[in-house]
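Could you put the whole structure together from the sequences, leaning on the hints where they help?
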Amino acid sequence: MKARITSRAIAAALIFFAGYAALFIAPDEATMHQIQRIFYFHLGCWMAMFTALSIALVANVAWLVTRKPKWDWLGVSAVEVGVVTCTAGLATGVLWGKPAWGIWWAWDARLTTAFILWLLYISYLLLRGLVEEPQRGATLSAVFGIFAFLDAPLVYAANRLWPRGQHPAPVIFGGPNSGLDPTMSKVLVICLVAMLFIAIIALVDRYRLERLRHEFDELRVAADARDAGSESALIASSAKDSI
Amino acid sequence: MKDFHFLFAAWIAVWAIFFAYEISVASRISRLRAEIERLKQQIR
Numbered sequence: 129m130k131a132r133i134t135s136r137a138i139a140a141a142l143i144f145f146a147g148y149a150a151l152f153i154a155p156d157e158a159t160m161h162q163i164q165r166i167f168y169f170h171l172g173c174w175m176a177m178f179t180a181l182s183i184a185l186v187a188n189v190a191w192l193v194t195r196k197p198k199w200d201w202l203g204v205s206a207v208e209v210g211v212v213t214c215t216a217g218l219a220t221g222v223l224w225g226k227p228a229w230g231i232w233w234a235w236d237a238r239l240t241t242a243f244i245l246w247l248l249y250i251s252y253l254l255l256r257g258l259v260e261e262p263q264r265g266a267t268l269s270a271v272f273g274i275f276a277f278l279d280a281p282l283v284y285a286a287n288r289l290w291p292r293g294q295h296p297a298p299v300i301f302g303g304p305n306s307g308l309d310p311t312m313s314k315v316l317v318i319c320l321v322a323m324l325f326i327a328i329i330a331l332v333d334r335y336r337l338e339r340l341r342h343e344f345d346e347l348r349v350a351a352d353a354r355d356a357g358s359e360s361a362l363i364a365s366s367a368k369d370s371i
Numbered sequence: 006m007k008d009f010h011f012l013f014a015a016w017i018a019v020w021a022i023f024f025a026y027e028i029s030v031a032s033r034i035s036r037l038r039a040e041i042e043r044l045k046q047q048i049r
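In order, the protein sequence lines correspond to chains A and B. Residue numbers for the first sequence follow the working numbering, so the first one is 129 and each next one is one higher. Residue numbers for the second sequence follow the working numbering, so the first one is 6 and each next one is one higher.
Please note: incorrect hints may appear among the correct ones.
Estimated spans, in silico, between C-beta atoms of each pair [claimed, not checked]: (1) Glu42(B) - Pro291(A): 55 to 61 Å; (2) Trp233(A) - Ala39(B): 41 to 47 Å; (3) Lys45(B) - Leu253(A): 25 to 31 Å; (4) Ser358(A) - Glu42(B): 44 to 50 Å; (5) Phe275(A) - Ser35(B): 32 to 38 Å.
Okay, derived cross-link-like pairs now, DMTMM-like style, lysine to aspartate or glutamate, Cα gap no bigger than 20 Å in a straight line [as the list claims (entries may be wrong)]: (6) Lys45(B) - Glu343(A); (7) Lys196(A) - Glu343(A); (8) Lys196(A) - Asp345(A); (9) Lys196(A) - Asp236(A); (10) Lys45(B) - Asp355(A); (11) Lys45(B) - Asp352(A); (12) Lys130(A) - Asp8(B); (13) Lys130(A) - Asp333(A); (14) Lys45(B) - Glu346(A); (15) Lys226(A) - Asp236(A); (16) Lys198(A) - Asp333(A); (17) Lys45(B) - Glu261(A); (18) Lys226(A) - Asp8(B); (19) Lys198(A) - Glu261(A); (20) Lys198(A) - Glu338(A); (21) Lys198(A) - Asp345(A); (22) Lys45(B) - Glu338(A).
On the chain B side, residues computed to face chain A include the following (Cβ under 8 Å) [claimed, not checked]: (23) Phe11; (24) Ala15; (25) Glu27.
Quick caveat, the hints were computed from the structure, so don't treat them as lab data. Ideal Cβ positions, reconstructed from N, Cα and C, are used throughout, including at glycine.
Set out below in structure tokens:
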């Protein structure tokens, strides 16, 4: 309980500090001015998403190899956090696109691959819900999750592979004459740390939920078995009485 | 400040999405805990 309160207090402090740094410490960008500050939350969301989906990939592979339930729990938890961060990334992108490009959305390579990624992982979550047998559902969704992850590197590399889209050329690791102003880099690091920390808190909570769900399923099976046992004992005794 | 409302909306959107998700997970956890307690009572 103490650890949970401490982690929430750290998260609140990070949210406040990241917001202050992005809105007041980071310098204005030359062409987009104030609106470029969305970049700090926008990139943070995508980095948190890539981290969550990478964890999901490892968990999906580990489940298929070991069949230990904890990997399945981690897999579905990481995918759900990945979908949430992807949703936040798409939302901030749309809110940045309108003032920066004059349009809310464009079907350029990066936006399209990101949207497909979002749909793929929504499908992963729906697929789990559709299969009744838990082991089979876990295996099917793990295989589907590995397949879905193939789109993640494409999202990252989209504006390098297909540079004629709405998105600009890469600013970070974009080769000569690319890069960020040193103050912008520091603010970006603060925002990335804040986003990753919050995504990890969400992942830990979601994993706890999955573990409880497993406990609930086991108890329900035990309760059903107990009910069935007392029912058959009742039938046996009434049969005996009738003889 | 030009386009400040977009900046503000993006800031709110990020934290609203995270906050809503955290609330949804917390409520699912508390519902499951209650169900687990009920089942434990039933088994005893």
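Hint-by-hint comparison with the structure:
1. Here the CB-CB span from Glu42(B) to Pro291(A) is close to 58 Å, well matched to the stated 55 to 61 Å.
2. Checking the proposed 41 to 47 Å range against Trp233(A) and Ala39(B) shows it holds: the Cβ atoms sit about 42 Å from each other.
3. Here the CB-CB span from Lys45(B) to Leu253(A) is close to 29 Å, well matched to the stated 25 to 31 Å.
4. Range check, Ser358(A) to Glu42(B): about 21 Å between beta-carbon atoms, so the 44 to 50 Å window is missed.
5. At about 35 Å, the CB distance of Phe275(A) to Ser35(B) agrees with the hint of 32 to 38 Å.
6. Pair hint Lys45(B) plus Glu343(A) holds up; C-alpha atoms about 11 Å apart against a cutoff of 20 Å.
7. For the given pair, Lys196(A) sits about 15 Å from Glu343(A) by alpha-carbon distance, which is consistent with the 20 Å threshold.
8. A distance of roughly 16 Å separates the Cα atoms of Lys196(A) and Asp345(A); the hinted pair therefore holds under the 20 Å criterion.
9. Restraint check for Lys196(A) and Asp236(A): not satisfied, since their Cα atoms lie roughly 40 Å apart, outside the 20 Å limit.
10. Between Lys45(B) and Asp355(A) the alpha-carbon distance is near 13 Å, which keeps this suggested pair within the 20 Å criterion.
11. For the hint linking Lys45(B) to Asp352(A), the alpha-carbon distance of about 12 Å falls within 20 Å, and the restraint holds.
12. Between Lys130(A) and Asp8(B), the direct Cα distance comes to roughly 41 Å. Violation of the 20 Å bound is thereby established for this hinted pair.
13. For a cut-off of 20 Å, the pair hint linking Lys130(A) to Asp333(A) stands: about 15 Å separates their Cα positions.
14. Our distance criterion of 20 Å between C-alpha atoms is met by Lys45(B) and Glu346(A), whose separation comes to about 11 Å.
15. Note on Lys226(A) and Asp236(A): the hinted pairing holds, with a Cα-Cα distance of about 15 Å set against a maximum of 20 Å.
16. Distance hint between Lys198(A) and Asp333(A) is fulfilled; the C-alpha atoms sit about 14 Å from each other, no more than 20 Å.
17. Distance restraint check for Lys45(B) and Glu261(A): the Cα-Cα separation of roughly 24 Å exceeds the 20 Å cut-off, and the hinted pair is therefore not satisfied.
18. The straight-line distance between the Cα atoms of Lys226(A) and Asp8(B) is roughly 10 Å, inside the 20 Å bound, and the hint therefore holds.
19. Between Lys198(A) and Glu261(A) the alpha-carbon distance is near 17 Å, which keeps this suggested pair within the 20 Å criterion.
20. In summary, the hint linking Lys198(A) to Glu338(A) is supported, as the alpha carbons are separated by about 9 Å, within the 20 Å threshold.
21. As the CA atoms of Lys198(A) and Asp345(A) are separated by approximately 15 Å, the hinted pair is consistent with the 20 Å bound.
22. Using a Cα cut-off of 20 Å, the hinted pair Lys45(B) and Glu338(A) holds, with the two alpha carbons roughly 18 Å apart.
23. With 8 Å as the threshold, the beta carbon of Phe11(B) comes within range of chain A, its nearest partner Cβ sitting at about 5 Å, so the hint holds.
24. Interface hint status for Ala15(B): upheld, as the beta-carbon distance to the closest one in chain A is roughly 4 Å, under 8 Å.
25. Interface hint status for Glu27(B): upheld, as the beta-carbon distance to the closest one in chain A is roughly 6 Å, under 8 Å.
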